[in-house]
Amino acid sequence: MLNIGILGVGELTEKVVLGLRRSGFTGQILLSPRNHERAQTLGNRCACEVMLDNQAVVDGADLLFLGVRPDAVAQLAAQVQLKPRQTLVSLVAGLTLGDLSDHFPSARPVRAMLSYAAQINQSTVVISPGGEPHESVLGALGQLVVLDDEPEFELATVAACMNGWFYFLMHDLQQWFTARGLSEEKAQQLVMGNLQDCLASARHQPDISVKALGEAIATPGTFTRAGLEVLKEQGATQAWAQACDEVLLRLKAR
72 MLNIGILGVG ELTEKVVLGL RRSGFTGQIL LSPRNHERAQ TLGNRCACEV MLDNQAVVDG
132 ADLLFLGVRP DAVAQLAAQV QLKPRQTLVS LVAGLTLGDL SDHFPSARPV RAMLSYAAQI
192 NQSTVVISPG GEPHESVLGA LGQLVVLDDE PEFELATVAA CMNGWFYFLM HDLQQWFTAR
252 GLSEEKAQQL VMGNLQDCLA SARHQPDISV KALGEAIATP GTFTRAGLEV LKEQGATQAW
312 AQACDEVLLR LKAR
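Here the sequence shown is numbered in the working numbering, starting from 72 and rising by one per residue.
Don't read these hints as lab results, they were simulated from the structure. Since this is a predicted model, take the numbers as computed values, not measurements. A portion of the hints provided could be inaccurate.
[To be verified] With beta-carbon atoms standing in for the labels, derived distance ranges: (1) K154 <-> V216: 25 to 31 Å; (2) Q267 <-> T112: 28 to 34 Å; (3) T97 <-> V217: 23 to 29 Å; (4) G285 <-> K154: 47 to 53 Å; (5) M233 <-> T290: 26 to 32 Å; (6) A289 <-> Q260: 18 to 24 Å; (7) T308 <-> G131: 46 to 52 Å; (8) T290 <-> R321: 35 to 41 Å.
Ideal Cβ placement from N, Cα and C applies to all residues, glycine included.
Put together the whole structure using the sequences plus the hints.
Here it is as structure tokens:
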């Protein structure tokens, strides 16, 4: 049975552990002791073992997840010695495969990106490169997307930022309803329900572009079309593209 080690117990790695246990993973999960109270709570909840130090995590694991802050990677790397070709799945944003090889020269580095929906096994999980055992492990957390190179992975990083933006979009739309007298519960049901309807319809018709699906609804003379024209006039669609450009520019400037 595969053993998994977690180097850095935080929000995201916690969601990974929850998702793995929820998927039926029964192997050992070893937790680093830093952030001890959180690690202990997670250990009790998900039958994990909090180790004495990071090297003990490395020694007992077949596959490692790296989930520390970018500015803490160098310090962690100085504390541990990985096994030859030990798979190291990095969840650290902006850390390239080259960076990982520099910090952990004996590792087999993998970049991964996922959302908090991993805890309910419904995250989009992006990895580069592919291979085993990490594909099988991460595939249990949701929909797996394997990318061939790092330029593609950087584009996927922009998509991950969109994930965060969508929450604010939903909030703003819900606030519009509540400001006009609808309860927060009903506003949430309407906004989330309609988003789920769009996703369900698009996934049911993968051969039809999402633009075509929208155009079939926003036909001339409809209320949907009237609102769409206002959004375009106000630059809403351009603003989203500009936000994506800004993130990609910052990624390339590193």
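Hints, verified against the model:
no.	hint	result
1	K154 <-> V216: 25 to 31 Å	28 Å, holds
2	Q267 <-> T112: 28 to 34 Å	32 Å, holds
3	T97 <-> V217: 23 to 29 Å	25 Å, holds
4	G285 <-> K154: 47 to 53 Å	51 Å, holds
5	M233 <-> T290: 26 to 32 Å	27 Å, holds
6	A289 <-> Q260: 18 to 24 Å	23 Å, holds
7	T308 <-> G131: 46 to 52 Å	50 Å, holds
8	T290 <-> R321: 35 to 41 Å	39 Å, holds
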